[in-house]
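Visitor: Residue numbers (our numbering), protein chains in the order written: chain A, 1 to 429; chain B, 1 to 285.
For the record, the hints were derived by calculation from the structure and aren't laboratory data. These numbers were taken from a predicted model, which means no experiment stands behind them. Fair warning: there could be bad hints in the mix.
What the hints assert, rightly or not - Straight-line distance between alpha carbons at most 20 Å, and here's what the computed EDC-like set of lysine to aspartate or glutamate pairs gives: (1) K138(B) <-> E188(A); (2) K282(A) <-> E188(A); (3) K51(B) <-> E188(A).
As the list claims (entries may be wrong) - Not the full set, but computed from the structure, chain B residues with beta-carbon under 10 Å of chain A: (4) Q35; (5) T36; (6) M119; (7) S121; (8) Q123; (9) Q135; (10) E139; (11) A140; (12) P142; (13) L229; (14) K247; (15) T248; (16) D251.
Glycine included, each C-beta is placed from N, C-alpha and C at the ideal position.
For reference, the chains in residue letters:
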Amino acid sequence: MNYFANDGKKGDKMRKNIILLTFLLIVLVSISVGAEDIVLNYYSHGVENGTRMDIIEEFEATHPGIKVNLVELPQDTNKKLQMINTILQSQDNSMDIFDSDVTWPPIFAAAGWVEPLDGYLSEVEMDDFLPGPVGAVTYMGKVWGVPYRTDAGMLYYRKDLLEKHNKEVPKTWDELIETSRYIMEREEGIKGHAGSWAQYEGLTCNLMEFVWSYGGKVFNEEGEVVYNSPETVAAVSTMTDMINKDNIMPNGIVNFYSGDARAPFFSGKLVFLRDWPSGWRKSQNPDNSQVVGKVGIAALPMGSPDQRSYSTLGGWQVMVSKYSDHKEEAVEFAKFRGGKEAQKMAALGLSHIPARESLYSDSDILEKMPFIEDMFPAFVSAYPRPKSPYYAEVSNILQVETQKAFVEDKTAAEAVKDADQRIKDLLGQ
Amino acid sequence: MGYLFIIPSLILIFALILYPVFNTLYLSFFNYRVQTMALGKTFVGLRNFIKIFNDETFFKSLKFTLLFTVVAVSMETIIGMIFANIMNRKLPGQGIIRTSVLIPWAIPTIISGLMWKFMYSQQYGIINHIFLKLQFIKEAIPWLSDSFVAVIAVIIADVWKTTPYMSLLILSGLQTIPIQLYEAAAIDGANRKDIFLKITLPLIKPVLSVAILFRVLATFRIYDLIAVLTSGGPANATQSLSLYTIKTYFDFGNIGYGAALATVTFIISLLISLLFLDSLKSKLE
Chain A
1 MNYFANDGKK GDKMRKNIIL LTFLLIVLVS ISVGAEDIVL NYYSHGVENG
51 TRMDIIEEFE ATHPGIKVNL VELPQDTNKK LQMINTILQS QDNSMDIFDS
101 DVTWPPIFAA AGWVEPLDGY LSEVEMDDFL PGPVGAVTYM GKVWGVPYRT
151 DAGMLYYRKD LLEKHNKEVP KTWDELIETS RYIMEREEGI KGHAGSWAQY
201 EGLTCNLMEF VWSYGGKVFN EEGEVVYNSP ETVAAVSTMT DMINKDNIMP
251 NGIVNFYSGD ARAPFFSGKL VFLRDWPSGW RKSQNPDNSQ VVGKVGIAAL
301 PMGSPDQRSY STLGGWQVMV SKYSDHKEEA VEFAKFRGGK EAQKMAALGL
351 SHIPARESLY SDSDILEKMP FIEDMFPAFV SAYPRPKSPY YAEVSNILQV
401 ETQKAFVEDK TAAEAVKDAD QRIKDLLGQ
Chain B
1 MGYLFIIPSL ILIFALILYP VFNTLYLSFF NYRVQTMALG KTFVGLRNFI
51 KIFNDETFFK SLKFTLLFTV VAVSMETIIG MIFANIMNRK LPGQGIIRTS
101 VLIPWAIPTI ISGLMWKFMY SQQYGIINHI FLKLQFIKEA IPWLSDSFVA
151 VIAVIIADVW KTTPYMSLLI LSGLQTIPIQ LYEAAAIDGA NRKDIFLKIT
201 LPLIKPVLSV AILFRVLATF RIYDLIAVLT SGGPANATQS LSLYTIKTYF
251 DFGNIGYGAA LATVTFIISL LISLLFLDSL KSKLE
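Excised from the complex, chain B in its bound form (with noise of 0.2 Å):
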């Protein structure tokens, strides 16, 4: 009986996730195009997957990809850490502090991402006008069109955008932890630095890895952010795997190699997932 109430639920998950999941693993052993799409698909087993192994642009999709989430996710991480606790402190004007720190979360990322390329610009872009003025630089930094300056943009952009939410993530977890602790520790005489790694850090593991988790997996699939600053330029130089795979499935029409593409994403996000598995099992001592 009570299997009835779970029905609906359970047709909301097949329609919307099991169903695309397995219809895209599906596609992704066909050569199937939208040019040739009146001839049908052919069945061509894994020559998608070998072919993904072989692509270059893949590779370096996937290279980028990784340093970009390693990066930003740690500098997220660390600056969120900061965040946090500032915001667990008892401070005048905490109201203010804390929805300053949360305004870059709650700007949809096309407009960050618009606000952003503005600010890059090299003609007219602010960064670049006060640096200049400042003379800290004596020429305005290429920041989206040179291959290596973008990629460093790409990820000042999106830490700026993220941090919020991991420093939000982060403070709930502070605030669960019991002031006696600290207040026993202070007795006890011991200093900062060992109250942030005996007490701070293992009590709120459970939540930071929990916020790392959800930042990893939402980095690597990085997409409107990378669309409106530089659509993957210059030269391929910040293109994710998101962007090269929404490229090739949508605007190429090619929906057997874009469902490969997209099934290799999926399988490596789930492995990242299964690290995390372990310490989303340990339990507080």
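Okay, chain A solo, but in the shape it has when bound (with noise of 0.2 Å):
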């Protein structure tokens, strides 16, 4: 209590060393940082367990000169998308590198606020990332930005079911439902299927894996509407006739986002599951699931035997702003971010599946990630949405349209007719 006044000499000392010390302090963080660093702002992911900070360190100690601040943008990702949206439409400085998710490059590259990476990347370079990531970042012939990380669609099945009902992993949607109309007729309370169904985005993902199987498109190579197709029929129809017809979703699928559809999966009332990897460590985690041990992981089915296997692709990449005054040193930063050594770290330190194809090899990622392993070919067949400036209205008319079809306002055809007429309109086609 009474420090200062019983012991005040020693007091005055103490603080006088404190002011010394802050001082010392002061002029050594000035020094270290020097006037002429280069500071570049990184709108990113939140710092989460800290690996961002340690990819930023790594960064600076083999870049000196430029320093990386991480500015933390919303946790929604359609938040996201507007805060950067806002900072890019203003032509502020401020924001050097950001964060994009797999679907936006056509938007900023059509608005023309990013900057161009072709002429920053040899080809060797982006000869090791997986197709989709590059396929992701590629628009009207150019490369618009980094792959740092990769997701696909997949399917998760129950092993152990599979096994005693002596049935194989289904390679089309068909065998799918008959395997588990098999199934549910035998086993209590237990139904077949599910994924993230609800009118939002999630139901973009698993309606283009069916679309894509059953060979129908949105777009075709001159981004031509050309969604209207016998293909796009019948895969709407089966998910349609999954729901309503064979009846191996769970109830209330329609409004099912990807949390909703794992719960019953790991409870162990589900045989198959469509998700994203993120979802195997969760099923391999014995406080929120029962079915530890059980669970295989394969590629999605086909819609037809000559067909092949979709995956939607999920991910980021690592954009440049045509605004940033530095440039140069910004494009050194993705290019770093989007390095093997970057990648290694976010897979060991976050669980992110690199978008390289070499990590998949690399002992110590297999190690933390063996799953990675299996998962392979769903990265690979891993295809972008159909990518266009306007993909968030296209996305939101498909949703709503294919909804239509699930509650039965329309038939499949006509929901897919309706959905092909409202994309024309909206592109002015």
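Fit chain to chain and form the complex, with the hints in mind.
Guide: In structure tokens:
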């Protein structure tokens, strides 16, 4: 209490020491930062467990003279986009680099807000990236970002149930329906399949996997809308039948977000589940899963045996703002962030799935995430969602029209035809 | 001289209210999109508004929003009135009653939205669980996944959340009524219905109309609760006007059309408040 009063001199001395120390610290810090250091502002995901800061430190250590200041974007993906949009719209030079979701490059590229990276990246450097992420950052023949993390939809299945009933992992959606019905008839309280089919981006991801695997598309090579095709109708019919005719989906599937789809699978009430890789760890954690050790992973089924399996591509890239005052340095950081070393750090520290092929044979990563070996086919067959600056609106049209078929307001054929027309109207085709 | 002192608040009003409103109005006359921002904006006159009147999604959202507003606010008023009367009595444990009535209002909307979402779940939701256990129903109710039931579910969640606000405002009105009026009425032999209709209701009318006006305007612009519960689904069955406007403006990047939608929403809200202007003016006789 009376420290200073009782022992005034000692207190004074201590205070002096503290002041001196603080002063020294300030001097030291200002020397180490230096007046000539370039500071890059990187608008990024939250810091989480510190791995992101480690990556930045590693970059700063190997690139003297450049400092990176991490600015946290909001948690919600749409909010992230809104914030980046606002900054770029006002031509603000305080943002040099930013994280971009897999569907955003066309938005920024078309608006002329980001720096094309072709001049900075050699072909050899791009070679190691998986085809999906490269496709996602390529728009109008140019490369607009460096992928640093990939993601893809895949089929989770109950190994034990399939073994018990002597069934193979389904190769086609029809087989999946058949197997589901077979097991549902013989097991109490079990449903067949689930995915995120609520009216949000998750539905577009799920829908596109069906559409592609039946041979349908939203746009052709020339960018024309070709959604209305017998293939797409077949895909949407299959989904609608899974809900209303075959009855293999849990009740309430049309309001299922990814967590809602996981819950019944983790509690052992589903045979199949369409999920992202991030569900894997949770499915093997006894605290919130009753199916530990009973889950297998496979590529998603095909529409018909002569098609191939498709997964919707997810993942993140770094892009460089056109309004940055330090583009050279910003590109340096972007390359580092998407480089092998940083992706390995993120894989080990944050369980991020690497976007570089060579990392799938890295022994450290395989030790930490042995499952990526099984998942690799899905990552290679991952396919970007329709590329358009109007993507968000296109996606919304697809969601709403598909849900109209789900709730039987329309037939699958009508829903596909109407979605096709509305996308054409939107794009003025 | 006195005007000097109101300058700070005038600046705030201009910067935070008038400028955004007029800028939105201004932008609604342009074809202006994030995707083509590099090309600038082109003046299209009233074309955005003409498009609104041919926009099926707009009318669906408007219909839902109006239905939602009318049903939710009526229920809030009736239940709020009952709660206010309970809270106005001298009862043992009145403090606990008042606090517990107010709790839903104190919970942030996003959190109460998530809470209702868990309770509504068809898989593990407590509502279905209880109903099934008590054998009220044979099959789980598809609370959020049926176009019709989802509307009811959203209304229930909103009524639960905002009734306390209503009852609090009505309570404040009830407390201004002099006790002598009730005593006189009792001596004259008036029954409870007469007392309510001839004394209570007319005397709390000014407070009640303000409360209803506030609720109607807030409910008409409902966004957060619905965004959490259904994001407007299934198949746009619960998409409110605000949700549609925000999606168009921010998510789709269609600034011109989004601004026009916002303007129309603003005008409708303005018309609604004009309806109440009369009752707000009316003085106690």
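Visitor: Tell me if P142(B) is really an interface residue toward chain A, meaning its C-beta lies closer than 10 Å to one of theirs.
Guide: holds, 5 Å
Visitor: Is K138(B) within 20 Å of E188(A), Cα to Cα?
Guide: Holds: K138(B) and E188(A) sit about 17 Å apart, inside 20 Å.
Visitor: Does the CB of L229(B) sit less than 10 Å away from some CB of chain A?
Guide: With Cβ-Cβ at 9 Å, under 10 Å, it holds.
Visitor: Does the nearest C-beta of chain A fall within a distance shorter than 10 Å of the C-beta of A140(B)?
Guide: Since the shortest Cβ distance to chain A is 6 Å, the answer is holds.
Visitor: With chain A as the partner, please determine if K247(B) meets the hint condition of a C-beta pair closer than 10 Å.
Guide: holds, 7 Å
Visitor: Would the stated hint for M119(B) survive a check requiring a Cβ distance to chain A of less than 10 Å?
Guide: violated, 13 Å
Visitor: For the hint on D251(B), just tell me whether its beta-carbon gets within less than 10 Å of chain A.
Guide: This interface hint holds because 5 Å falls under the 10 Å limit.
Visitor: Would you settle whether the hint for Q123(B) is holds or violated, based on the nearest Cβ-Cβ distance to chain A being less than 10 Å?
Guide: Interface hint status for Q123(B): holds (5 Å vs cutoff 10 Å).
Visitor: With a cut-off of 10 Å on the beta carbons, see whether T248(B) makes it to chain A.
Guide: holds, 8 Å
Visitor: Was the hint right that Q135(B) lines chain A, CB cutoff 10 Å?
Guide: violated, 18 Å
Visitor: For the pair supplied as a hint, K51(B) and E188(A), is the alpha-carbon distance within the 20 Å limit?
Guide: violated, 53 Å
Visitor: Hint T36(B) vs chain A: min CB-CB distance below 10 Å?
Guide: holds, 8 Å
In this structure, the hints that do not hold are numbers 2, 3, 6 and 9, in rising order.
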